[in-house]
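Student: Listed in order, the protein sequences are those of chains A and B.
Take 0 as the starting number for the first sequence in numbering that gives the first Met the number 0 and just add one per residue.
Take 0 as the starting number for the second sequence in numbering that gives the first Met the number 0 and just add one per residue.
If you are wondering where the hints come from, they were derived from the structure by calculation, not from laboratory data.
Treat the hints with care, as some may be off.
[Unchecked claim] Calculated cross-link-like contacts (lysine to any residue; reagent style SDA-like; alpha-carbon spacing at most 25 angstroms): (1) Lys79(A) <-> Lys12(B); (2) Lys12(B) <-> Pro142(A); (3) Lys306(B) <-> Asn182(A); (4) Lys195(A) <-> Asn182(A).
[Claimed, not checked] Which bits of chain A does chain B cover? Going by a derived footprint, with three or more residues having C-beta under 8 angstroms, they are: (5) 52-60; (6) 98-105; (7) 190-201.
Where a beta carbon is used, it is the ideal one built from N, C-alpha and C, also for glycine.
Read off the chains here:
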Amino acid sequence: MAKTIIDAHNLSKTYNADTVPVKAVQDVHIHIEEGEFVALVGPSGSGKSTLLNMIGGLDEPTSGSVVLDQVEITKLPENKLIDFRLHNIGFVFQSYNLIPVLTAKENVGFVLQLQKIPKEEREKRVLNLLHQVGLEDKLNSRPGELSGGQQQRVAVARALASKPKIVLADEPTANLDSKSTANLLDIMAKLNKEEKTTFLFSTHDIRVIQKARRVITLVDGKVESDVQQTPK
Amino acid sequence: MFQIAWRNIWRNKSRSLVVISSIVIGVWAGIFILSFSWGLYQNNINETIFKQLSHIQIHNPKFNVENDSKYTLSPTDTIMTQLQADDRIASVSNRIISNGMISSPTTASGVKIYGIDPLAEVKQIGLDNNVKKGAYLSAGKENAILIGEKLAKKLKIKPKSKVVLTFTNVKSEIVSGAFRVAGVYRSKNISLDEVNVYVLKTQLRKLLELKPTESNEIAILLKDESQLDAVKKYSADLVPDGKVEDWKELSPELGMIIESFNLYTYILTGIILLALTFGIINTMLMSVLERIRELGMLMAIGLNKRKIFIMIMLETFYLTLVGSPLGLLLGWVTVSVFGNIGIDISMFSEGLSSYGFSSMIYPALDNQNYFIIAFMCLITSLLSAIYPALKALRLNPSEAIRKI
Chain A
0 MAKTIIDAHN
10 LSKTYNADTV
20 PVKAVQDVHI
30 HIEEGEFVAL
40 VGPSGSGKST
50 LLNMIGGLDE
60 PTSGSVVLDQ
70 VEITKLPENK
80 LIDFRLHNIG
90 FVFQSYNLIP
100 VLTAKENVGF
110 VLQLQKIPKE
120 EREKRVLNLL
130 HQVGLEDKLN
140 SRPGELSGGQ
150 QQRVAVARAL
160 ASKPKIVLAD
170 EPTANLDSKS
180 TANLLDIMAK
190 LNKEEKTTFL
200 FSTHDIRVIQ
210 KARRVITLVD
220 GKVESDVQQT
230 PK
Chain B
0 MFQIAWRNIW
10 RNKSRSLVVI
20 SSIVIGVWAG
30 IFILSFSWGL
40 YQNNINETIF
50 KQLSHIQIHN
60 PKFNVENDSK
70 YTLSPTDTIM
80 TQLQADDRIA
90 SVSNRIISNG
100 MISSPTTASG
110 VKIYGIDPLA
120 EVKQIGLDNN
130 VKKGAYLSAG
140 KENAILIGEK
150 LAKKLKIKPK
160 SKVVLTFTNV
170 KSEIVSGAFR
180 VAGVYRSKNI
190 SLDEVNVYVL
200 KTQLRKLLEL
210 KPTESNEIAI
220 LLKDESQLDA
230 VKKYSADLVP
240 DGKVEDWKEL
250 SPELGMIIES
260 FNLYTYILTG
270 IILLALTFGI
280 INTMLMSVLE
290 RIRELGMLMA
300 IGLNKRKIFI
310 MIMLETFYLT
320 LVGSPLGLLL
330 GWVTVSVFGN
340 IGIDISMFSE
350 GLSSYGFSSM
360 IYPALDNQNY
370 FIIAFMCLIT
380 SLLSAIYPAL
390 KALRLNPSEA
400 IRKI
């Protein structure tokens, strides 16, 4: 049996606890094993992004714990947490979120630079990744010169650059047309298979849901269903 | 990260240019104000030394206290010869001084009467250059007197008018002498023009009944001011019973004026730097708030807070790095140009010349001060970047990313 890579336990998040409490996430248990390709679905406001942010250590839960690869990140001090994120988690956000002043190549290499990977190795890995996402001809383009789909592919390449164990993607296809969506999903599925990277992404796009091997449905901050499926 | 910071400042060109210009103007204004005041002091100091006091003066210690002509230095001739022989000294002159009253047909006024050797004072204080009407004193005309323009106006007299000087001689008897105005002078120091009158030393000595070897004041002009302390000590050895003072001791009010101008300079520089501070805080804060999402993303992908802080500081540092040299250059050009042609402040000079200030100012500044100003601007801008940078640190990545 594969080992557990994400273990969220009793996770709750309440916003505005002092004034008008909004329970975004309530008592969520999630176990995800290494190499899974999981979609987190649910209507707007169901707490998908909040849950992803807590799992990624971007947001602090009101109660409960998150254990990633045997490290309880909810107990890490801020700087260690940032470091943990740097080495173990790749993020892809809804609206591309690349560094606008850096080229595609530099954006992908940035994380590696932060990890102090030597220049030669960095170059190699960056070229390889951009090749995998089909952007070898856009190496020196800045985000402003790329289409939405291309930017998102750079973001995926960046998320994978540090060889993270987990990639968290918050509605990665929300701003993409159907062709780019299919293209991005194929790339993600391929990388998931080849690199054994665990993917957890939130979405309410039916085409994306169909590609997942496991679908967790969130309603009003609670897990409503958690089913395995064969991707189409 | 250095690269990101550098590229970040060029994202919003007009904003960066505003910050750069404010740094340029800050540095430039700082240099200009400092060089202007420095020019003003230097001008004033030179005026005081070369037109009025000389570098060093020697008096009988009691003369300083009681201002009575009977307290003299002696033997003047021997002292003079020895001082003149010293090659550190540019010129020496000795004077007889008495306080008395000058009367014209209409009115009278208190004056300080200088008995001088006209030729020596040409070299010593350039007195002949100040004569505006009539002629300078010359050896032949025994009863000639040189008076200031302001005093002439007060006494309603002009060259060739007759005046009477009344004072006490060394035996404390009241004596009077009739003089004819040879010339009217105007120096840069109007308040002294009303008080100082010049007559021939031989004439005044006769009236005071002093011996030929006696004088009240010896003034020494140096070739190089750095020799001041050495020559002061040499003179003290030469005239053991005299009191040797340099121009700073002789004119404490000059020091006070300089001090108060220094204070204004600091206040003005402070205001400039304060304006710079707020400009930078404002701009950097805008640039941070504008990039909240991006900063949140940087934190999410693993840029720690220390690095975010450094990045914001670097951006400010780069802006200063671009602005300061430009400001320095502009300041240097301004100082060089105006240092040569001078700045005419005659609009305000009526007030200034009563303090002994000249109306032409030649700004000047030490090289060292340029760097002090640039350094101060750098420190100021880095200090003012701290608040925006801290603001960036307080961001919570998930909230920052959610912001649109």
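Student: What hint numbers does the structure not satisfy?
Tutor: 1, 3, 7
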